[in-house]
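S.K.: Take a look at the letters that make up each chain.
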Amino acid sequence: MKPAAASPAGFSLRRRLVWQFAALSLLLVVALFFAVRFAAERASRASQDAVLGAAVISVGDGIRAVEEELELDLPYATFSMLGAMGNERIFYSLSTGDGLVTGYDDLPQPQVTPGDLSPVFYGADYRGSRLRLAALTRRVLLGQRIEEITVVLGQTRYGQAAIARDTARSAAWIGLGFLALTVPVALWAARAVIRPVDRLAEAVTRRGPQDLRPVLHPAPRELVPLMGALNGFIARLRGALQLAETFIFEAAHRIRTPLSLVRTEAEMALAETTDEALRQRLRRMVRAIGESSRSANQILDHAMVLYRSDQFMAEPVDVAALAGSVLRSVRAVAEMRDIEMRAEGLDQPCPVLGDARMIEVALRNILDNAVKFSPDEGNVLLRLSRDGGMARIEVTDQGRGLVAGDADLTGRFRRGSNVGDVVGSGLGLTIVTEVAAAHGGRFTLSPRPEKGTCATLFLPLSSASA
Amino acid sequence: MRDLVLAAVLGLGLSLPAAGYEIEVEQVFGPEDGREIRVISTTDLVSIDSVLRDFVEGHPGSRIRYAQAASVEVFRAIHDEGAAYDLVMSSAMDLQMKLANDGFAASVQPQIGALPAWARWRDQLYGVALEPVLTLASRRAFGDLPIPRTRRDLIAMLRENPDRFDGRIASYDPRSSGVGYFLISQDSQQSDGFWRLAEVMGRLNARLFCCSGEMIDELRAGRLAIAYNVVASYAARYTPDDPDLVRLALEDYTLAIIRSALVPANAGNPEGATDLLSYLLSPPAQQHFAESSGTALMPGAGQPPQPHLRPIRLDAGLLVYDDQLRRAGLLSEWNAAMVQP
Numbered sequence: 001m002k003p004a005a006a007s008p009a010g011f012s013l014r015r016r017l018v019w020q021f022a023a024l025s026l027l028l029v030v031a032l033f034f035a036v037r038f039a040a041e042r043a044s045r046a047s048q049d050a051v052l053g054a055a056v057i058s059v060g061d062g063i064r065a066v067e068e069e070l071e072l073d074l075p076y077a078t079f080s081m082l083g084a085m086g087n088e089r090i091f092y093s094l095s096t097g098d099g100l101v102t103g104y105d106d107l108p109q110p111q112v113t114p115g116d117l118s119p120v121f122y123g124a125d126y127r128g129s130r131l132r133l134a135a136l137t138r139r140v141l142l143g144q145r146i147e148e149i150t151v152v153l154g155q156t157r158y159g160q161a162a163i164a165r166d167t168a169r170s171a172a173w174i175g176l177g178f179l180a181l182t183v184p185v186a187l188w189a190a191r192a193v194i195r196p197v198d199r200l201a202e203a204v205t206r207r208g209p210q211d212l213r214p215v216l217h218p219a220p221r222e223l224v225p226l227m228g229a230l231n232g233f234i235a236r237l238r239g240a241l242q243l244a245e246t247f248i249f250e251a252a253h254r255i256r257t258p259l260s261l262v263r264t265e266a267e268m269a270l271a272e273t274t275d276e277a278l279r280q281r282l283r284r285m286v287r288a289i290g291e292s293s294r295s296a297n298q299i300l301d302h303a304m305v306l307y308r309s310d311q312f313m314a315e316p317v318d319v320a321a322l323a324g325s326v327l328r329s330v331r332a333v334a335e336m337r338d339i340e341m342r343a344e345g346l347d348q349p350c351p352v353l354g355d356a357r358m359i360e361v362a363l364r365n366i367l368d369n370a371v372k373f374s375p376d377e378g379n380v381l382l383r384l385s386r387d388g389g390m391a392r393i394e395v396t397d398q399g400r401g402l403v404a405g406d407a408d409l410t411g412r413f414r415r416g417s418n419v420g421d422v423v424g425s426g427l428g429l430t431i432v433t434e435v436a437a438a439h440g441g442r443f444t445l446s447p448r449p450e451k452g453t454c455a456t457l458f459l460p461l462s463s464a465s466a
Numbered sequence: 001m002r003d004l005v006l007a008a009v010l011g012l013g014l015s016l017p018a019a020g021y022e023i024e025v026e027q028v029f030g031p032e033d034g035r036e037i038r039v040i041s042t043t044d045l046v047s048i049d050s051v052l053r054d055f056v057e058g059h060p061g062s063r064i065r066y067a068q069a070a071s072v073e074v075f076r077a078i079h080d081e082g083a084a085y086d087l088v089m090s091s092a093m094d095l096q097m098k099l100a101n102d103g104f105a106a107s108v109q110p111q112i113g114a115l116p117a118w119a120r121w122r123d124q125l126y127g128v129a130l131e132p133v134l135t136l137a138s139r140r141a142f143g144d145l146p147i148p149r150t151r152r153d154l155i156a157m158l159r160e161n162p163d164r165f166d167g168r169i170a171s172y173d174p175r176s177s178g179v180g181y182f183l184i185s186q187d188s189q190q191s192d193g194f195w196r197l198a199e200v201m202g203r204l205n206a207r208l209f210c211c212s213g214e215m216i217d218e219l220r221a222g223r224l225a226i227a228y229n230v231v232a233s234y235a236a237r238y239t240p241d242d243p244d245l246v247r248l249a250l251e252d253y254t255l256a257i258i259r260s261a262l263v264p265a266n267a268g269n270p271e272g273a274t275d276l277l278s279y280l281l282s283p284p285a286q287q288h289f290a291e292s293s294g295t296a297l298m299p300g301a302g303q304p305p306q307p308h309l310r311p312i313r314l315d316a317g318l319l320v321y322d323d324q325l326r327r328a329g330l331l332s333e334w335n336a337a338m339v340q341p
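One line per chain: the protein sequences are A and B, in this order. Everything in the first sequence is counted per UniProt numbering, starting at 1 for the first residue and increasing by one. Everything in the second sequence is counted per UniProt numbering, starting at 1 for the first residue and increasing by one.
Read the hints as simulated data drawn from the structure, not as lab findings. Even for Gly, the Cβ is constructed at its ideal location relative to N, Cα and C. Please note that the accuracy of each hint is not assured.
Stated by the list, open to error - If you anchor each label on the Cβ, the simulated ranges turn out as follows:
id: 1; chain 1: B; residue 1: G20; chain 2: A; residue 2: L100; range: 21 to 27 Å
id: 2; chain 1: A; residue 1: A65; chain 2: B; residue 2: D80; range: 27 to 33 Å
id: 3; chain 1: A; residue 1: T96; chain 2: B; residue 2: Q303; range: 49 to 55 Å
id: 4; chain 1: A; residue 1: R145; chain 2: B; residue 2: R149; range: 49 to 55 Å
id: 5; chain 1: A; residue 1: R165; chain 2: B; residue 2: S191; range: 39 to 45 Å
What the hints assert, rightly or not - The calculated DMTMM-like cross-link candidates involving lysine to aspartate or glutamate, where the alpha carbons are at most 25 Å apart (straight line), are:
id: 6; chain 1: A; residue 1: K451; chain 2: A; residue 2: E335
id: 7; chain 1: B; residue 1: K98; chain 2: A; residue 2: D106
id: 8; chain 1: B; residue 1: K98; chain 2: A; residue 2: E71
id: 9; chain 1: B; residue 1: K98; chain 2: A; residue 2: D125
id: 10; chain 1: A; residue 1: K372; chain 2: A; residue 2: E272
id: 11; chain 1: B; residue 1: K98; chain 2: A; residue 2: E335
id: 12; chain 1: B; residue 1: K98; chain 2: A; residue 2: D49
id: 13; chain 1: B; residue 1: K98; chain 2: A; residue 2: D105
id: 14; chain 1: B; residue 1: K98; chain 2: A; residue 2: D73
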């Protein structure tokens, strides 16, 4: 039975991870752009303010009083330097309380009166451009009075804006580069995250149908709750199965004893009566009771095999001796129908590593089957041989063989399609198959070319004799 | 040439009183119905005439109204009067720079070719030609004296021969000539030796002129021996084949000014002006300018600058020359040097 596929996934964890990764990266790129722009603007503004401050001081230094007249040596180099970065526009004014001395008369003046050593910085719009201005006050002795001269020097900051823009743009490009790298990285990361889940699923899928041991596959810490839940579920399933098996075992056991009692009673009644019609009836009863107790026995065998498979304890077993003893016990039944039982290869001991009880049950079921489907006066041959590290037990009969399509008769309660007239539970071959699996061997059933069936059980030889 | 209509409005010293600034000559190039590009420039019409003709020939839909004016007039027309022009071209670098800095220039993107970065400011002011500032000397007047090669030589010679040079030295008058003032301020910045030269010139009763033309005329007439600070293109035009005149590029340093052009912010035809500016920066026009000034602004257009040439960069430093206090200080210094007690 194939495991039912889970209901179609509503979303892909991997895709969601990649999207989240990419979205986060994009957010970071945008943040990087603005952060770098802000930082670059601040840094270049600070350095340009320093230059502007030095420039306004140098202009102030050029003020002199000569014979009651103001003289100004406006420094060429200072202006040239101020304009150098980004070809800035430059405006200046020198004014006293009485008004403009020189420069641009409508240049915005500072809000506060600046000192004479540290310039005051401010921004203003002037003649269509945003200006950064620095102002300074100089005192000059003009004749008898002290004149306070306010020097204002302003420049545009095209260069600063361009630098901030370029820097931020570079940062954004780098960020976009990382974003491009993000997608493969995110794919890789998503795969790495999901891989343990895949591995776990693989490990659980790979298990055999009877394997209900707890999953001990190594898993990351995040998967431990899932593992716990899975193992809890397995434990519950196992408990339920055991309960069912125990119930069946109990039922079979309780039925078997009364059945043999009923059978004895029926046989006694058969011996005591002479009425032919009653005898017929009693004979059919005895046969039906025989089949029922046989089925009960098989159910018990099956339960035993399942139990022993779970608690498998291997020890050296001589298959030759075991096969001989089983053959002897079956021979009594066979002789009643004149079926000849022969054996080959039982003179040599053939040790395998396994559970003697289980192997015995398996052999008895194979031989029972052979006898059951053999015609009267037929032949059943048991041949023991070694085949590449395995003990090979081959039982051939001259029965009705297999019908094409009935190749797999090893499932529980599965019977061939040509056995309508022969009673049977359908458990026999299941038991054999389970025994073979528990030992690490295998069981095959194949039709013989002439007539009949060939059942072959392989069991691994014990390493000492291999 | 078939549809080239040449309409010249003549009149040297033609004054337009309504405008408040003086135009010297005005001339129209190109067809009547062409879209007009109005140019105001300090460049002599004669020297740029062929370039403008070539432009209108290549652009049949355009015509140029070219007005020639002194540099101060050009500045006043744009800065104070808000006159409607499409292209402003001037050799007065400080004034051009002030126009651009004060927001009178529009941003334009002409084809600039290999124009060096120091010959333009933002996308508003573009250098068009490089003009070395020369010293002209009359070979006759020097007689057997060697021709000076540096300012130091020149000062020494003037000191040693006061009789020969008395009243025969000339330069621009910085009070009336914008270029003259600009050159003096550059000279004073380049070397301290300049003030010694000014003093010697003052002692020898140097004559001061408003314009190059007059100065060169006097020189050729034999009334002058030396003309200090003459813009090369004028010298070339006025003295094409005079064996007597020596053009001196003094080897301690020779200034070179940039003739620059801008499109005013209020231009009515900025596209036409940008086309014209692109043409002025194109190889044929650049070769023409390099021929007349002797030095190429655009690499490859002609003679590369000599090692002693000091081109003045188009940058914000030029703004200081227009300052009234600075100007007053410099002029009083000049006065003190020229007028000996």
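S.K.: If a hint holds in the structure, say so; if it does not, say that too.
M.R.: We went through each hint and held it up to the structure:
no. : hint                        : result
1   : B:G20 / A:L100: 21 to 27 Å  : holds, 23 Å
2   : A:A65 / B:D80: 27 to 33 Å   : holds, 31 Å
3   : A:T96 / B:Q303: 49 to 55 Å  : holds, 51 Å
4   : A:R145 / B:R149: 49 to 55 Å : holds, 52 Å
5   : A:R165 / B:S191: 39 to 45 Å : holds, 42 Å
6   : A:K451 / A:E335             : holds, 21 Å
7   : B:K98 / A:D106              : holds, 16 Å
8   : B:K98 / A:E71               : holds, 21 Å
9   : B:K98 / A:D125              : holds, 18 Å
10  : A:K372 / A:E272             : violated, 29 Å
11  : B:K98 / A:E335              : violated, 133 Å
12  : B:K98 / A:D49               : holds, 23 Å
13  : B:K98 / A:D105              : holds, 15 Å
14  : B:K98 / A:D73               : holds, 18 Å
Figure legend: structure checked against the earlier numbered hints; hints not met, in rising order: 10, 11.
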